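Protein chains: 2
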Amino acid sequence: MNWQAVSVATKNEAIETVADILLQVGAQGVQINDHDAISVTAYYPDDEQLGETITAIQKALKHLSDIGMSVAPATITVNGIQQKDWEDNWKAYYHAERVTRHFTVVPSWETYHPNQIDELPIIMDPKLAFGTGTHETTRLMIQALENVVRGGESMIDVGTGSGVLAVAAKQLGVAHVLATDIDEMSVNVAKENLRLNPVAQDVTVVASDLLADVVISPVDLIVANILADVIERLIPQTTTLLKPGGLFLVSGIYDNIALHIEDVLRANDYTIVQKSQMGEWHGYIAQLKEKN
Amino acid sequence: MNWQAVSVATKNEAIETVADILLQVGAQGVQINDHDAISVTAYYPDDEQLGETITAIQKALKHLSDIGMSVAPATITVNGIQQKDWEDNWKAYYHAERVTRHFTVVPSWETYHPNQIDELPIIMDPKLAFGTGTHETTRLMIQALENVVRGGESMIDVGTGSGVLAVAAKQLGVAHVLATDIDEMSVNVAKENLRLNPVAQDVTVVASDLLADVVISPVDLIVANILADVIERLIPQTTTLLKPGGLFLVSGIYDNIALHIEDVLRANDYTIVQKSQMGEWHGYIAQLKEKN
Numbered sequence: 013m014n015w016q017a018v019s020v021a022t023k024n025e026a027i028e029t030v031a032d033i034l035l036q037v038g039a040q041g042v043q044i045n046d047h048d049a050i051s052v053t054a055y056y057p058d059d060e061q062l063g064e065t066i067t068a069i070q071k072a073l074k075h076l077s078d079i080g081m082s083v084a085p086a087t088i089t090v091n092g093i094q095q096k097d098w099e100d101n102w103k104a105y106y107h108a109e110r111v112t113r114h115f116t117v118v119p120s121w122e123t124y125h126p127n128q129i130d131e132l133p134i135i136m137d138p139k140l141a142f143g144t145g146t147h148e149t150t151r152l153m154i155q156a157l158e159n160v161v162r163g164g165e166s167m168i169d170v171g172t173g174s175g176v177l178a179v180a181a182k183q184l185g186v187a188h189v190l191a192t193d194i195d196e197m198s199v200n201v202a203k204e205n206l207r208l209n210p211v212a213q214d215v216t217v218v219a220s221d222l223l224a225d226v227v228i229s230p231v232d233l234i235v236a237n238i239l240a241d242v243i244e245r246l247i248p249q250t251t252t253l254l255k256p257g258g259l260f261l262v263s264g265i266y267d268n269i270a271l272h273i274e275d276v277l278r279a280n281d282y283t284i285v286q287k288s289q290m291g292e293w294h295g296y297i298a299q300l301k302e303k304n
Numbered sequence: 013m014n015w016q017a018v019s020v021a022t023k024n025e026a027i028e029t030v031a032d033i034l035l036q037v038g039a040q041g042v043q044i045n046d047h048d049a050i051s052v053t054a055y056y057p058d059d060e061q062l063g064e065t066i067t068a069i070q071k072a073l074k075h076l077s078d079i080g081m082s083v084a085p086a087t088i089t090v091n092g093i094q095q096k097d098w099e100d101n102w103k104a105y106y107h108a109e110r111v112t113r114h115f116t117v118v119p120s121w122e123t124y125h126p127n128q129i130d131e132l133p134i135i136m137d138p139k140l141a142f143g144t145g146t147h148e149t150t151r152l153m154i155q156a157l158e159n160v161v162r163g164g165e166s167m168i169d170v171g172t173g174s175g176v177l178a179v180a181a182k183q184l185g186v187a188h189v190l191a192t193d194i195d196e197m198s199v200n201v202a203k204e205n206l207r208l209n210p211v212a213q214d215v216t217v218v219a220s221d222l223l224a225d226v227v228i229s230p231v232d233l234i235v236a237n238i239l240a241d242v243i244e245r246l247i248p249q250t251t252t253l254l255k256p257g258g259l260f261l262v263s264g265i266y267d268n269i270a271l272h273i274e275d276v277l278r279a280n281d282y283t284i285v286q287k288s289q290m291g292e293w294h295g296y297i298a299q300l301k302e303k304n
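Residue numbers (the working numbering), protein chains in the order written: chain A, 13 to 304; chain B, 13 to 304.
Everything labelled a hint here was simulated from the structure, so no lab data went into it.
Careful: at least some of the hints might be erroneous.
One copy or two, it doesn't matter: identical chains are merged, so the pair holds either way.
Cut-off 16 Å, straight-line C-alpha distance, at most; resulting in silico cross-link-like pairs (EDC-like, lysine to aspartate or glutamate) [said to hold, decoys possible]:
# : residue 1 : residue 2
1 : Lys-71    : Glu-148
2 : Lys-303   : Asp-281
3 : Lys-203   : Asp-137
4 : Lys-74    : Glu-131
5 : Lys-301   : Asp-221
6 : Lys-287   : Glu-109
Just so you know, these numbers come straight off a predicted model, no measurement behind them.
Assemble the whole structure, with the sequences as input and the hints as a guide.
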């Protein structure tokens with residue numbers, strides 16, 4: 013495996029904070045250079061995730077600056093090359109990636125030549141605000157869809173984000189997809205991404221706080237790849253929008269909260285049909301009980 | 013859900029034993045009729061699994077009789093109809109079943125009309141000695157193959173049984189499959205099943221005690237869906253037949269032994285990439301460490 017050295021220039025009193033950021037996005041350790049120009053360096057695998065990692069570091073640094081914590085100059089260098097043009101250059105780090113045997117996430121600007129003729133493309137323009145569709149939780153959700161879809165279903169995608177799951181579902185033959193996100197801005201980004209995928213032209217996207225503003229007949233499937241604390245609030249909302257015996261596919265659940273989420277599912281008339289884990293991330297396929 | 017009443021006629025002193033059998037194959041409870049003709053009744057879902065359940069009951073009853081425990085008359089009735097011709101009639105209970113979005117297990121005598129044009133058939137003649145290819149552990153293994161195969165791989169299928177995983181792998185684009193089973197009789201049954209699948213004509217099947225008699229260059233993938241106590245013995249054998257960084261897909265692991273198998277995997281230079289669980293059954297995708 014090859015590694016890339018990612019350094020953040022900062023000031024003495026911010027060293028610990030910057031080190032925390034580099035560790036949180038996946039470094040095994042950091043190297044603190046506190047003489048001359050102060051900087052913190054960490055090493056990350058030189059793979060498809062690197063672009064996302066650097067974007068995450070940049071966002072965290074910007075967040076600190078937004079809330080008034082000075083970490084200046086906060087410039088990022090990768091292998092000694094300053095990333096001042098990161099917002100123009102980050103696309104170089106994103107390439108098509110096969111996430112399962114059948115699904116390949118393809119950046120919208122890339123001409124992708126499939127290795128196997130029956131690969132199903134998911135075309136994404138991973139704006140800085142979103143991931144690339146290749147995170148563990150996304151993989152768990154795409155796998156879950158491949159396990160349960162049989163064609164012709166109705167589905168709600170809660171917190172659709174980039175729309176990656178809505179596209180995957182349509183590729184698999186789900187008939188009707190309603191996707192939600194929290195506000196109009198997120199809805200517009202999702203719509204832009206969906207437009208890149210011919211198969212997903214009939215997906216409806218609406219702004220809704222989880223399922224609060226969704227008023228439709230119960231569906232066969234609800235999918236949600238969102239933060240675990242939001243999932244806890246979401247679960248009771250799903251039971252009236254899912255047909256009896258319908259399936260709830262959920263991920264975004266970190267190790268420390270997984271057992272609690274299982275309890276909440278069971279307390280809301282769900283049976284856990286399958287659980288799956290990649291790294292510290294958990295995904296569930298849960299079935300709502302049949303009508304009594 | 014509809015239910016079928018499966019009753020076993022027996023004698024007083026065997027009631028508990030027969031009840032245990034009915035519970036072990038998945039009944040939630042049993043109903044004991046100990047007046048007039050003594051029998052034990054349990055209710056099972058009227059679905060694709062029913063044929064397999066009845067076969068399992070019949071085999072367990074035969075096993076008891078083989079070891080000298082009298083449970084006579086041990087006749088099985090389903091909804092009041094005696095199954096004395098079970099060996100001729102069991103085929104009526106097996107029908108094509110979609111095990112994932114892409115894979116459908118099709119009995120060899122059935123003309124199957126796919127619901128979606130890109131379904132991948134796995135054609136099986138489920139002899140009484142084997143399952144139908146729809147058991148949880150088989151599903152976990154097929155899912156794992158769909159997660160990791162990218163086309164062109166070399167693979168060993170340890171304890172191939174019906175050959176279901178060898179066929180699935182070939183359908184997904186694995187290039188070279190060597191399948192093993194314990195003795196020549198099992199090898200011949202596997203070969204018969206493989207012959208039903210045009211895509212699997214080039215699969216080689218050899219008799220081997222696990223991998224003891226396999227002498228080939230290291231492969232990209234090893235898959236094994238066998239009993240957990242055998243898996244423990246198998247794991248150390250895999251490491252010399254798998255390329256560095258290669259993947260070992262394994263299931264057949266019941267809840268009570270799963271953590272132990274994880275330890276054995278780690279002790280043999282494997283990293284667990286993904287774990288998955290359906291009911292009480294566990295499956296793993298483990299990666300052999302890269303060369304130092």
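Hint check results:
For the homomeric pair Lys-71 and Glu-148, neither the shortest alpha-carbon distance inside one copy (20 Å) nor that between copies (42 Å) is at most 16 Å. In this homomeric assembly, Lys-303 and Asp-281 come within 16 Å of each other (Cα to Cα) only inside a single copy, at 10 Å, whereas the closest approach across copies is 48 Å. In the homo-oligomer, the alpha carbons of Lys-203 and Asp-137 lie at most 16 Å apart inside one protomer (11 Å), although the nearest pairing across protomers, at 47 Å, exceeds that limit. Taking identical chains as interchangeable, the C-alpha atoms of Lys-74 and Glu-131 are never at most 16 Å apart, the minima being 38 Å within one chain and 47 Å between chains.
For the homomeric pair Lys-301 and Asp-221, neither the shortest alpha-carbon distance inside one copy (25 Å) nor that between copies (44 Å) is at most 16 Å. Taking CA atoms no more than 16 Å apart as the test, Lys-287 paired with Glu-109 passes in neither setting, with 24 Å inside one copy and 21 Å between copies.
Consistency with the previously given hints fails for numbers 1, 4, 5, 6, ordered from lowest to highest.
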